[in-house]
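Asker: So the sequence lines, in the order shown, correspond to chains A and B. Sequential numbering of the first sequence, starting at 1, is according to UniProt numbering. Sequential numbering of the second sequence, starting at 1, is according to UniProt numbering.
Hints listed in this document are in silico derivations from the structure and should not be mistaken for laboratory results. As the structure is a computational prediction, the values presented were derived from the model and not from experiment. There's no promise every hint is true.
[As the list claims (entries may be wrong)] Capping the alpha-carbon separation at 25 Å, the derived lysine to any residue pairs in SDA-like fashion look like this:
| hint | chain 1 | residue 1 | chain 2 | residue 2 |
| --- | --- | --- | --- | --- |
| 1 | A | 458 | B | 101 |
| 2 | A | 758 | B | 94 |
| 3 | A | 758 | B | 86 |
| 4 | A | 758 | B | 98 |
| 5 | A | 758 | A | 852 |
| 6 | A | 374 | A | 313 |
| 7 | A | 374 | B | 100 |
| 8 | A | 108 | A | 67 |
| 9 | A | 758 | B | 99 |
| 10 | A | 108 | A | 313 |
| 11 | A | 108 | A | 35 |
| 12 | A | 458 | A | 546 |
| 13 | A | 374 | A | 384 |
| 14 | A | 108 | B | 103 |
| 15 | A | 758 | B | 105 |
| 16 | A | 758 | B | 2 |
| 17 | A | 374 | A | 546 |
| 18 | A | 458 | A | 373 |
| 19 | A | 374 | A | 103 |
| 20 | A | 458 | A | 382 |
| 21 | A | 108 | A | 31 |
| 22 | A | 374 | A | 552 |
| 23 | A | 758 | A | 843 |
| 24 | A | 758 | B | 54 |
| 25 | A | 374 | A | 498 |
| 26 | A | 758 | B | 43 |
| 27 | A | 108 | A | 138 |
| 28 | A | 758 | B | 56 |
| 29 | A | 758 | B | 90 |
| 30 | A | 374 | B | 89 |
| 31 | A | 108 | A | 153 |
| 32 | A | 374 | A | 580 |
| 33 | A | 108 | A | 161 |
| 34 | A | 374 | A | 562 |
| 35 | A | 758 | B | 103 |
| 36 | A | 108 | A | 55 |
| 37 | A | 758 | A | 854 |
| 38 | A | 374 | A | 477 |
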Amino acid sequence: MTPDLWVLLALVGLPFLGAAAVPLVYRILGERTAYFAALVALACLGLVGLLYGTEGAQSVDWVPALGIELRFYVDGLALLIATLASGVGVCILTYSGGYMHGEPGQPKYYATLLAFMGSMLGVALAADLITLFLFWELTSLTSFLLIGHYTTESSSQYAARKSMLITVAGGLFMLVGFVLLHAVSADALGSATWALAGEGSMLENAGAMREALESEGLFVVVLALLGIGAAAKSAQVPLHIWLPNAMEAPTPVSAFLHSATMVKAGVYLVGRMRPLFLPADAHPGSLELWTLGFAALGLLTMTVTAILAVAATDIKELLAYSTASHLGLIIAGFGFAGHLGAETGAFHILNHALFKATLFLVAGIVAHEAGTRKISELGGLREDLPITAGIAAIASLGMAGVPPFNGFYSKEFLFHAAWETGAASGGLYYLIPVVAVFGSVFTFLYSIRFLMLFFGEKPDELGHVHSPPVAMLAPPALLAALAAVVGIGGITGTFDVPLGPLEEFVGSVMHAVEPAGAEETSFHYYLPTTVTPWAIMSALTIAFGAALYPQYGRLHDGIRSLLRGPVRANWWYDTATEELNPTSTAVRDRVQNGLLRTYATWVAAAFAVLTFAGYVGASVDVPVPQEPATYLPLALTAVVLVASVTVFGDLSLRVATTVAGVLSVLALGIFAWAIFGLGLTPAELATQPPVVFVLALAAVAGIAVSRAPSHIAGVLTLSILGFMVAIFYILRDAPDLALTQLVVETLVLVIFLLVLDKLPAFYGGWDRGRMARDGVLSLAVGAVVTTTVLVTTAASPNEESVIARGLAEASYPEAGGNNIVNVILVDFRAFDTMGEIAVVSMAALSIVTLIALRERGETR
Amino acid sequence: MTEFVLALVLGLLFALGTFLVLRRDVVRVVWGVSIISQAANVYLVTMGLLDGSVPVLEGHGEGAGAVTDPLVQALVLTAIVIGFGTTAFALVLTYRVYEEHGTIDLLELGGETDGN
């Protein structure tokens, strides 16, 4: 059964509508807006519920010209992520009602949190690459706002910027990958498509897509680009560094971001793309490129960040590193070929969301009630927070992978998959299960350390710890209960009474990440009943962990002492950004230093260089007239120009006479050449279009303006230029323009004279060096403009344009006017004219204001 | 051929305009902007059909076949008027700047004390 389009649109649209309504609702409800937002999330959860049992794609055209659709696709994986986003969303928003009490910026907080949830729902359901990218970036954007919630704290600013830089940069890599996939789909499917899943999509034709990618040599490239995008989002080593800083956000946001949204987008992408890159016949021994890439990345992240979690000093920092570690586990699971890998990833997404959201909410309670997040200052909280301690026990034992808690089963699947892959290839590949166990030992260690916050002796400095309000206790209790149910399902499963709906659901997720045509397996999970290598791996993890736990303090200090300088990924980030900031300040001071000429210089130089580079890059031919006769008016123009320079220039009499003499000889020579050399008659010479002479005069006037010895002389010669342009319009069959130009020129002249009367006779001399530099720049601009005019006029069509003809033909019948330009201005494009009038009136108003200010003065 | 002259003249006008914009006298900067916008208008008009007739029809709309591009002219007409508005505004601003700061030297206004 295919899903209903309206349900999908409502599901994705509702959180955004809710976000838009938040500022209004906040005025009425105040802090209780949290429960309004939770209701919106609950409605979304209900809509997700309507989608259960459906599968397939629905789409609406978005940009048909580019083949882009708003396409949504529902399957197990999409449902899992959507359920988590909306379900955990309900818990988080309810919890916020207690946690955010008295905090600043609440309307912004709830609106952004709802939009964040909506973006994640969009990511889960989108099946068009562009739509997916859009929602993907929206999660980056909203999480930026949420991480930087305390806008005045420098640590929040740092964290928000860091997450934005890393995740958005990763998203751009992904976008390039998407565009390449789109391009390749033209080969594979016959026509290019953006559709990822559903009918006629890339996933439906995964085999053909793989072949096309390989024949184009793009398989590795696309895989790497998508991998970088997913790794940046899902905090994989070495891009994990933004995640620990993201704890600057209010704790409910951290819980949401770490369990159900944002970071899950990356693992979602890996799961979604798995059937595209993994052939149906892939098995643990076939060592696909996919496996080598993602299993290695995942295991590396899992181990490195688990070690870093042990070195953490803050409970939220510990949980943040542990998130990265568990995301590594999921990525590694998806990396392994075969159904075991799919089971690992699918099941652990669910388990991780349950225990991690719970633990963050517990951390929030601890921080809120005990007033500190330092691990060393906390202990024995069980006495004051007995319920919270119980919740924490279920969740952290699940995180540690202790049977029969929920995390155990998915970790067991990982060990199984790792063992199969290692055993199938043998030799060095046995390192895979070894690394999996090694990383898991650290996971066990930090999980137990977190749990021990509640046990042992309570430090004396820690005063009385209050009990949390119900709004803060109920959500983690609910989530922990769900985690416990998953765990109990494993126990009953051992006795052949499985938790049917859950197994079926995880089975459908597994099916979604398996390549089409892969061997059908149903999903079951239970406690190990026989001795298998993977059961031994689990036992070893717990045994090593338990043996090492007494040494936790020494391990913690040891790892911390190793984390110095370039060993830390953060060092690279900080060094790079520290160097960038002064550089950008220096560039700003150079390019925008408050002097008009500096700005103008950069703009003009950039214009000249970029345009010129464009022409060179596109190897444009500059059309130059070939017949010698065409150079005649040109030569004459040149002579006139030089003559004018002589006349207006302040040259000495002798030089001027010499130049004039040379020019006369030159002009006579040109005429002689034209008559005798080219055989033109004087009559033919006279037919040279008057336009040329008008333009030459305009040029002379332009030169005169720039050499004007006084303001008055300059304004008058500027007017000559304007009137020449008016004559040019007449000659070019544009009477309306000529009329307007004449009126405007007259008015401008009057205004200039009025203003000049009040201005001092300052003409600003310059040294020769600057004059020469400006001259070179101006000549460069002029040369580029000349080239542009030559290129574009040569390219302009000789036939009348369709638009021009259409306007001419419609002019009389539709507007009853014979003057087409007038009709366009007052009828066809009347709104443009209204805008123009608005500009002129605004200028007039500003002028009136400026003149009126004169009486009062600005400062008084 | 006319195009060639046109290209050279427009290049020259843009060069002169740029040169004026880089001067320290505010009035000259206004001239420069004015010259550049005039040249841009001329360029736009040139982009219309070159060998058509005046875009005014006779009687009841006959002869719609061979007119120059009226859209370009309408565009430039708007541009001329807006150019007028901005020039007038720039001039009054210049006047006010002089009143407030007692100078129209851009170097002085920009905080640089000497000509170098």
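Asker: Taking the hints in turn, state whether each one holds.
Answerer: Going down the list of hints, with the structure as the test:
1. A:458 with B:101: Roughly 70 Å separates the two Cα atoms, so the pair is violated.
2. A:758 with B:94: Since the Cα atoms of residue 758 of chain A and residue 94 of chain B sit roughly 10 Å apart, the hinted pair holds (cutoff 25 Å).
3. A:758 with B:86: holds (19 Å)
4. A:758 with B:98: holds (9 Å)
5. A:758 with A:852: OK: residue 758 of chain A and residue 852 of chain A at ~16 Å, within 25 Å.
6. A:374 with A:313: Since the Cα atoms of residue 374 of chain A and residue 313 of chain A sit roughly 6 Å apart, the hinted pair holds (cutoff 25 Å).
7. A:374 with B:100: violated (59 Å)
8. A:108 with A:67: The given pair, whose Cα atoms are some 35 Å apart, is violated under the 25 Å limit.
9. A:758 with B:99: Within the cut-off at roughly 9 Å; holds.
10. A:108 with A:313: violated (31 Å)
11. A:108 with A:35: holds (15 Å)
12. A:458 with A:546: holds (22 Å)
13. A:374 with A:384: holds (18 Å)
14. A:108 with B:103: Outside the cut-off at roughly 47 Å; violated.
15. A:758 with B:105: holds (15 Å)
16. A:758 with B:2: Violated, at roughly 42 Å.
17. A:374 with A:546: Answer holds: residue 374 of chain A to residue 546 of chain A is near 23 Å, not above 25 Å.
18. A:458 with A:373: holds (14 Å)
19. A:374 with A:103: holds (22 Å)
20. A:458 with A:382: holds (9 Å)
21. A:108 with A:31: holds (12 Å)
22. A:374 with A:552: Within the cut-off at roughly 16 Å; holds.
23. A:758 with A:843: holds (20 Å)
24. A:758 with B:54: Between residue 758 of chain A and residue 54 of chain B the Cα gap is close to 43 Å, so the pair fails against 25 Å, i.e. violated.
25. A:374 with A:498: violated (41 Å)
26. A:758 with B:43: With Cα atoms ~34 Å apart, residue 758 of chain A and residue 43 of chain B exceed 25 Å; violated.
27. A:108 with A:138: Holds - the C-alpha atoms of residue 138 of chain A and residue 108 of chain A are around 16 Å apart, at most 25 Å.
28. A:758 with B:56: Distance of about 44 Å is beyond 25 Å: violated.
29. A:758 with B:90: holds (15 Å)
30. A:374 with B:89: violated (62 Å)
31. A:108 with A:153: Holds. Residue 108 of chain A to residue 153 of chain A sits at ~17 Å (cutoff 25 Å).
32. A:374 with A:580: violated (33 Å)
33. A:108 with A:161: Given that 25 Å is the threshold and the Cα spacing comes to 18 Å, the pair holds.
34. A:374 with A:562: holds (21 Å)
35. A:758 with B:103: holds (12 Å)
36. A:108 with A:55: Measuring from Cα to Cα gives roughly 36 Å; hence the hint is violated.
37. A:758 with A:854: holds (13 Å)
38. A:374 with A:477: holds (24 Å)
Checked against the numbered hints given earlier, this structure breaks hints 1, 7, 8, 10, 14, 16, 24, 25, 26, 28, 30, 32 and 36; the rest are met.
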